[in-house]
Amino acid sequence: MIMWTVVYMAQSKEVANQLQELLSNEGILVKLRPISKNPENNDNYFEVLVPEAEVEEAHSVIIETGY
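The opening residue of the sequence shown carries number 0 in the numbering used here; numbering runs sequentially from there.
In short, the hints are calculated from the structure, not lab data.
For clarity, every value in this text was computed on a predicted model and none was experimentally measured.
Virtual Cβ for every residue (Gly too), placed ideally from N, Cα, C.
Fair warning: there could be bad hints in the mix.
Pairwise CB distance ranges (calculated) [as the list claims (entries may be wrong)]:
#1 56 <-> 8: 17 to 25 Å
#2 65 <-> 0: 29 to 37 Å
#3 8 <-> 63: 28 to 36 Å
Based on the provided sequences and hints, a complete structural model is requested.
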């Protein structure tokens with residue numbers, strides 16, 4: 000079973016999707032989870048989650064790209 004860990008809090012769905020694509024291109028599994036009850040609202044905050052084993056690599060990619 001995969002233990003998912005939050006590595007970033009995105010301020011919009013657009014930013015969350017960009018980060019998901021960036022991390023996926025690096026071979027990292029990514030899941031997005033809206034924080035509010037209305038996931039259709041693009042102004043929601045989103046948690047960007049990766050498997051616990053990939054947290055360090057994800058943080059490195061996030062820092063290198065300036066997120």
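Hint check results:
Between residue 56 and residue 8 the CB atoms are about 19 Å apart, so this pair conforms to the stated range of 17 to 25 Å. In this structure, residue 65 and residue 0 meet the distance hint of 29 to 37 Å, their C-beta atoms being roughly 33 Å apart. Judged by the Cβ atoms, the range 28 to 36 Å given for residue 8 and residue 63 is violated: they are separated by roughly 18 Å.
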